[in-house]
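A.B. asks: Here is what each chain is made of, one letter per residue.
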Amino acid sequence: MEENNNTHSPNEPEKSKASTRRDFLKNLGLAGVGVATGAAALYSGHIFEAKKEATGESKVLLTQDGRLVSVDSLEIKSHEKTGEDLRESQSREGIPGRRWVMVTDLSRCRNARKCISACQEAHHLRPEQYHMNTLQMQDSPNTAPYNMPKNCQHCDNPPCVAVCPVDATYKRPDGIVLIENDRCIGCRFCMAACPYSARIFNWIEPKDAAKDQGIEYNAELNVPQKLGTISKCLFSADRLREGKLPYCVEACPNSVYYFGDENEDSVTNGTTKETVRLSKLLRDNGGYQLMPELGTKPRVYYLPPKNRLFPFEEAKDATPEKV
Amino acid sequence: MCFKKQFFLLLIFAAALGFRVTAQTWVVPDDQKAVTAPAKFTPAMQKQGEQVYTKNCQSCHGLPGKDNWVKLVPPPGDLAKEKAQKQTDGEIFYRITTGKVPMPEFRNIIPEDDRWNVIAYLRTFNPKYVQPEPSAKTAFTGRIVTLAMQYSEPVKKIVVTAHEKLKDNDKAPAAGIEVMLYVKRFFGNMQVGDMKTTNAKGEAFFEFPADLPGNSAGNVDITAQVNDPKNQMKATPAAATLAIGVPTSRPGLTETRAWWSTRGKAPIWLLLTYTLSVLIVWGFIVYIVVSVMKIRKLSQG
Amino acid sequence: MTMDDNKLTFDKITSDLTHHIRINKGFLVWMGFLTVSLVACLYAYSLQLRTGLGVAGIRDYVTWGLYLANFVFFVAASLIGMLISAVLGLAGMKWITPLTRIAETIAVSFAAVAGLVIVSDMGRPERLAYVFIYGRPQSPILWDVTVIITYFALSLLLLYLPMIADMAILHRKGALPSWLKGTYKCLSLNFTDTPAQNRIINRSIRMLLILLVPMALSIHTVTSWLFAVTSRAGWDSSIFGPYFVSGAFVAGSAAVIIAMFFFRKNYKLQDYITDLHFDNMGKVLVTVSLVYLYFNINEFLVPGYKLQRADAIHLTELFSGKDACMFWIVQIGGLVLPILLLFFRPFRKPLPILVISIAVLIAAWFKRYLIVIPTQEHPFLPIQHVPQNFVVYTPTLVETMITIGPFILVLIIITLISKFFPVIPLHETAVEKGVEDV
Chain E
8 MEENNNTHSP NEPEKSKAST RRDFLKNLGL AGVGVATGAA ALYSGHIFEA KKEATGESKV
68 LLTQDGRLVS VDSLEIKSHE KTGEDLRESQ SREGIPGRRW VMVTDLSRCR NARKCISACQ
128 EAHHLRPEQY HMNTLQMQDS PNTAPYNMPK NCQHCDNPPC VAVCPVDATY KRPDGIVLIE
188 NDRCIGCRFC MAACPYSARI FNWIEPKDAA KDQGIEYNAE LNVPQKLGTI SKCLFSADRL
248 REGKLPYCVE ACPNSVYYFG DENEDSVTNG TTKETVRLSK LLRDNGGYQL MPELGTKPRV
308 YYLPPKNRLF PFEEAKDATP EKV
Chain U
112 MCFKKQFFLL LIFAAALGFR VTAQTWVVPD DQKAVTAPAK FTPAMQKQGE QVYTKNCQSC
172 HGLPGKDNWV KLVPPPGDLA KEKAQKQTDG EIFYRITTGK VPMPEFRNII PEDDRWNVIA
232 YLRTFNPKYV QPEPSAKTAF TGRIVTLAMQ YSEPVKKIVV TAHEKLKDND KAPAAGIEVM
292 LYVKRFFGNM QVGDMKTTNA KGEAFFEFPA DLPGNSAGNV DITAQVNDPK NQMKATPAAA
352 TLAIGVPTSR PGLTETRAWW STRGKAPIWL LLTYTLSVLI VWGFIVYIVV SVMKIRKLSQ
412 G
Chain Y
14 MTMDDNKLTF DKITSDLTHH IRINKGFLVW MGFLTVSLVA CLYAYSLQLR TGLGVAGIRD
74 YVTWGLYLAN FVFFVAASLI GMLISAVLGL AGMKWITPLT RIAETIAVSF AAVAGLVIVS
134 DMGRPERLAY VFIYGRPQSP ILWDVTVIIT YFALSLLLLY LPMIADMAIL HRKGALPSWL
194 KGTYKCLSLN FTDTPAQNRI INRSIRMLLI LLVPMALSIH TVTSWLFAVT SRAGWDSSIF
254 GPYFVSGAFV AGSAAVIIAM FFFRKNYKLQ DYITDLHFDN MGKVLVTVSL VYLYFNINEF
314 LVPGYKLQRA DAIHLTELFS GKDACMFWIV QIGGLVLPIL LLFFRPFRKP LPILVISIAV
374 LIAAWFKRYL IVIPTQEHPF LPIQHVPQNF VVYTPTLVET MITIGPFILV LIIITLISKF
434 FPVIPLHETA VEKGVEDV
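Top to bottom, those sequences are chains E, U and Y.
As numbered in my numbering, residues 8 to 330 make up the first sequence, in order.
As numbered in my numbering, residues 112 to 412 make up the second sequence, in order.
As numbered in my numbering, residues 14 to 451 make up the third sequence, in order.
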């Protein structure tokens with residue numbers, strides 16, 4: 008076109024030429040689209056005819072939205088999700104009809120850290136990586152220090168999920184906040200947004216990276232852990248699916264943890280296996296949530312550290328100096 | 112950090128607790144002291160006992176023989192040492208079973224066999240130990256009780272009826288049977304109300320809480336069991352599914368469109384605002400680029 | 014080389030503004046130095062790519078470190094294009110003409126590199142496309158990505174459109190290598206200065222300027238929301254948007270003044286970028302600094318008055334704790350003192366204002382550090398049972414190199430743009446001086 012400019016000094020012929028060329032292209036494009044559509048229609052018609060010839064039988068079926076449709080019997084395939092697809096949709100949908108809750112009785116915690124080691128073993132974590140960590144708290148100078156196990160609070164208004172740019176962390180209908188580390192881009196916005204410091208990041212090669220090679224990823228366990236992605240407490244979603252209590256809850260030797268279903272108004276103590284009413288437990292013991300003023304609506308409740316069964320001791324760190 | 116302060120606190124705490132504890136010592140009844148293990152200890156039992164010990168006992172008592180128990184009040188002590196080992200098997204069994212603050216009651220935590228296994232394990236640290244003869248199994252002489260359960264609409268109560276089998280194979284209402292009612296929950300059975308004792312007609316009446324959630328139809332699975340901690344009876348529990356719970360079918364927690372929903376459930380206004388803004392601004396950008404491209408055609412040689 | 018309006022001809026303007034467009038030794042040495050430095054930084058990044066973000070000093074509590082502070086700084090610096098071209102331009106200020114291209118060059122290069130900086134902060138950079146495939150409209154990150162791309166496109170167009178006429182002039186006039194001439198010709202779109210062509214360009218520029226204002230405000234406001242939408246002490250602030258925007262104008266104005274100084278000196282543009290321009294930019298800098306100071310007072314005094322639990326820890330660390338030294342140097346040396354000095358005309362002379370601007374720009378970078386890092390060192394719940402390097406953030410050497418890399422890249426882009434295109438709009442200057450091409 009640049010050359011055209013030089014050779015054709017009057018503007019009119021140039022314009023008309025250009026417009027005819029454009030028209031030609033336009034027509035060609037239209038024709039192309041038309042041909043493609045036609046071919047597609049013909050092809051699908053051909054397949055339909057072929058199918059009809061093959062059996063000629065049709066069956067009436069009920070669709071998911073309640074319509075009756077007639078389908079050629081050859082077309083019917085049994086609908087089964089398999090392998091990874093099944094696992095992914097399961098971990099996104101959760102366990103129907105449940106609303107998991109946890110109650111942590113601070114009066115019973117003596118910082119045995121059994122919950123932590125069980126958790127780290129289950130989720131293939133390094134010693135300094137905590138889904139569950141027992142903190143030594145002192146609310147003000149004159150109040151007594153106490154041990155506070157702290158895990159993900161599985162908030163009903165989760166700030167971490169709100170900020171995720173790619174749906175890699177999500178809340179399930181049963182209340183659990185999960186992570187899909189196949190999706191996580193490692194931006195760590197969720198870590199910045201979490202007021203409970205509940206999330207951790209795989210800064211270096213995960214502990215069992217070599218051992219876990221080839222294992223199919225399970226979002227409900229977040230194993231294998233992946234470099235450059237987030238991990239955090241999952242309420243042991245994999246155990247709940249088997250009807251078992253979470254790893255930490257079961258490992259506690261001091262009956263600190265209760266776990267259960269808010270819809271059933273019941274929680275079960277992981278140590279004594281005693282099942283009690285959630286509402287009564289919270290009412291009788293003055294149960295509370297961590298930082299409720301932030302509006303996060305946690306699914307973990309705490310019972311205050313009164314009438315303590317164990318004295319408070321300064322905890323010793325078992326973690327390395329530097330990682 | 113402020114070690115001094117903590118130490119001071121610990122002292123106060125210890126003093127207070129110590130005072131309470133020394134006032135009452137932990138006495139094991141004589142008949143319990145005399146109890147012996149149901150079988151001869153075997154290496155397999157000792158090995159199993161070690162596992163149970165590691166999981167349930169070690170966090171306070173430490174490793175046997177290493178004297179690394181946790182400094183609690185009263186002190187848990189090393190169970191390989193003489194003070195612990197001079198007890199009879201029955202004494203140790205009783206203490207594990209009943210517990211005493213701060214030691215947990217392991218009755219419902221460690222099964223009976225495993226409690227004996229722990230003792231078998233602990234005895235391996237005592238070379239002088241000679242196991243007494245295992246208690247011989249004697250013929251059963253206790254009561255044989257069968258429970259039945261139904262919901263009585265007129266009194267709005269669950270009626271548990273106990274029958275016992277008499278010697279001549281007849282059935283008669285069993286009075287004085289302690290009955291407990293449980294409702295099934297996800298992780299186990301939850302006791303409903305207190306324990307009741309059956310009357311002369313063999314009946315015990317349980318009020319069912321009006322606010323206990325059932326499934327979507329209000330159904331709850333209920334079991335009635337005989338309270339028999341000393342294992343003196345042969346009791347058959349009763350189970351039933353009754354529509355007396357509060358019908359509960361609460362929606363999943365992800366129904367609402369919120370900031371934290373998935374992309375598909377983003378608030379509609381947000382989806383619209385975002386999409387429209389992007390379309391409008393990029394519409395302008397595309398328009399500008401297209402019109403700038405026209406400059407070529409408008410040039411004059 | 015004094016300004017003499019009577020003798021000013023189109024040819025003189027052209028040669029003055031384009032004589033730097035030639036590859037000389039100085040350019041090659043400078044570019045060589047930049048390239049070698051960039052390669053070193055790329056090597057550092059390749060280390061991070063291979064072994065993960067663990068090569069940086071960031072850990073579970075301070076999870077956003079130098080990279081994010083750097084990102085905020087780059088977004089801030091890129092905002093200046095909008096202030097100079099759109100705000101001052103739409104307000105009808107004529108003196109900005111020689112500065113518009115400098116401002117747009119800075120905007121384009123910083124906006125482009127800001128996108129790369131944020132990629133260096135990703136644990137899984139290979140999943141960058143997921144942001145577009147699975148992007149959630151609820152996440153400020155998606156908004157940020159959207160507005161940065163849009164702002165970059167607008168700035169690029171705004172850099173290019175006024176250059177079309179210059180390209181045509183260069184193509185015709187310059188004695189240049191043929192490949193360069195070919196490029197100019199291609200970019201000139203056969204511009205022949207017809208009224209119709211000028212109408213399109215002028216209308217497009219006007220549209221761009223109007224679009225640029227909300228888009229530039231968005232880019233930095235949204236970046237501030239990456240912090241402000243959390244409940245963390247020091248970030249949980251409703252004035253973070255305007256606080257960031259005003260801070261960005263300070264940083265950007267300083268960057269423009271520094272660029273003005275070096276272009277003027279190296280490309281001998283004393284006749285076009287005069288002391289008056291420095292004086293005016295000094296006034297702009299002092300104005301935006303005053304606005305920024307006002308927001309600073311709000312940002313620190315109000316929570317400092319209440320001293321709520323978490324805020325108290327955070328502010329004590331800033332005012333008198335671990336970060337106090339950096340904080341006061343930044344606030345006084347980078348904001349209060351420059352304001353006081355710039356009130357006086359002698360300090361708005363080229364050399365003094367260059368020194369002040371460098372101080373302001375360095376302080377602006379450390380201010381971003383103070384916004385991003387200390388907050389994370391004081392979460393609501395105590396940091397316990399973790400290695401010492403989780404508790405206190407110390408940037409590593411590799412991390413520092415990956416942070417310096419983007420600066421080198423920006424310098425490369427600015428150098429290339431300014432080397433091969435007129436730093437000062439040629440056509441516009443000629444039109445304003447009333448010496449049209451004949």
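Source of the hints: derived by calculation from the structure; they are not laboratory data.
Predicted, not measured: the structure shown is a model, and the values here were computed from it.
It is possible that part of the hints are untrue.
As the list claims (entries may be wrong) - Once the Cα atoms are required to be at most 25 Å apart in a straight line, the calculated SDA-like pairs of lysine to any residue come out as:
no., chain 1, residue 1, chain 2, residue 2
1, E, K214, Y, V404
2, U, K192, U, K267
3, U, K376, E, N270
4, E, K251, E, T279
5, Y, K38, Y, F357
6, E, K251, U, S360
7, U, K341, U, Q198
8, U, K267, U, N237
9, U, K192, U, T147
10, U, K408, Y, L289
11, U, K166, U, V181
12, E, K251, U, G363
13, Y, K198, U, I396
14, Y, K319, E, A325
15, E, K329, Y, I371
16, U, K211, E, P260
17, U, K166, E, K287
18, E, K287, U, K158
19, Y, K198, Y, I430
20, U, K345, U, A283
21, E, K329, Y, D324
22, U, K158, E, E257
23, Y, K194, Y, P227
24, E, K287, U, M156
25, U, K151, U, V181
26, Y, K432, Y, I371
27, E, K287, E, D163
28, Y, K25, Y, K319
29, U, K182, E, R99
30, E, K304, Y, K38
31, U, K166, E, N270
32, U, K307, E, M155
33, E, K214, E, E300
34, E, K323, U, A283
35, E, K214, Y, K319
36, U, K192, U, N237
37, Y, K319, E, T150
38, U, K376, E, E100
39, E, K251, U, Q302
A.B. asks: For each hint, tell me whether it holds in the structure or not.
C.D. replies: These are the hints, each one checked on the structure:
1. K214(E) with V404(Y): 21 Å, holds
2. K192(U) with K267(U): 58 Å, violated
3. K376(U) with N270(E): Distance ~24 Å between K376(U) and N270(E) Cα, so the pair holds.
4. K251(E) with T279(E): 14 Å, holds
5. K38(Y) with F357(Y): 39 Å, violated
6. K251(E) with S360(U): Roughly 22 Å separates the two Cα atoms, so the pair holds.
7. K341(U) with Q198(U): Judged against 25 Å, a Cα distance of about 22 Å means the pair holds.
8. K267(U) with N237(U): 59 Å, violated
9. K192(U) with T147(U): At roughly 21 Å apart (the allowed maximum being 25 Å), T147(U) and K192(U) satisfy the hint.
10. K408(U) with L289(Y): Roughly 41 Å separates the two Cα atoms, so the pair is violated.
11. K166(U) with V181(U): 15 Å, holds
12. K251(E) with G363(U): 21 Å, holds
13. K198(Y) with I396(U): Between K198(Y) and I396(U) the Cα gap is close to 23 Å, so the pair holds against 25 Å.
14. K319(Y) with A325(E): 38 Å, violated
15. K329(E) with I371(Y): Not OK: K329(E) and I371(Y) at ~37 Å, beyond 25 Å, violated.
16. K211(U) with P260(E): 15 Å, holds
17. K166(U) with K287(E): 30 Å, violated
18. K287(E) with K158(U): 41 Å, violated
19. K198(Y) with I430(Y): Distance ~16 Å between K198(Y) and I430(Y) Cα, so the pair holds.
20. K345(U) with A283(U): 15 Å, holds
21. K329(E) with D324(Y): 28 Å, violated
22. K158(U) with E257(E): Holds: K158(U) and E257(E) sit about 21 Å apart, inside 25 Å.
23. K194(Y) with P227(Y): Violated. K194(Y) to P227(Y) sits at ~36 Å, over the 25 Å cutoff.
24. K287(E) with M156(U): With Cα atoms ~40 Å apart, K287(E) and M156(U) exceed 25 Å; violated.
25. K151(U) with V181(U): Since the Cα atoms of K151(U) and V181(U) sit roughly 32 Å apart, the hinted pair is violated (cutoff 25 Å).
26. K432(Y) with I371(Y): 23 Å, holds
27. K287(E) with D163(E): 22 Å, holds
28. K25(Y) with K319(Y): Cα-Cα ~63 Å, so violated.
29. K182(U) with R99(E): The given pair, whose Cα atoms are some 46 Å apart, is violated under the 25 Å limit.
30. K304(E) with K38(Y): 65 Å, violated
31. K166(U) with N270(E): 32 Å, violated
32. K307(U) with M155(E): 38 Å, violated
33. K214(E) with E300(E): Violated, at about 37 Å.
34. K323(E) with A283(U): Roughly 63 Å between the alpha carbons, so the hint for K323(E) and A283(U) is violated.
35. K214(E) with K319(Y): 45 Å, violated
36. K192(U) with N237(U): 8 Å, holds
37. K319(Y) with T150(E): Roughly 22 Å separates the two Cα atoms, so the pair holds.
38. K376(U) with E100(E): 14 Å, holds
39. K251(E) with Q302(U): Cα-Cα ~19 Å, so holds.
Violated hints for the displayed structure, listed by number in ascending order: 2, 5, 8, 10, 14, 15, 17, 18, 21, 23, 24, 25, 28, 29, 30, 31, 32, 33, 34 and 35.
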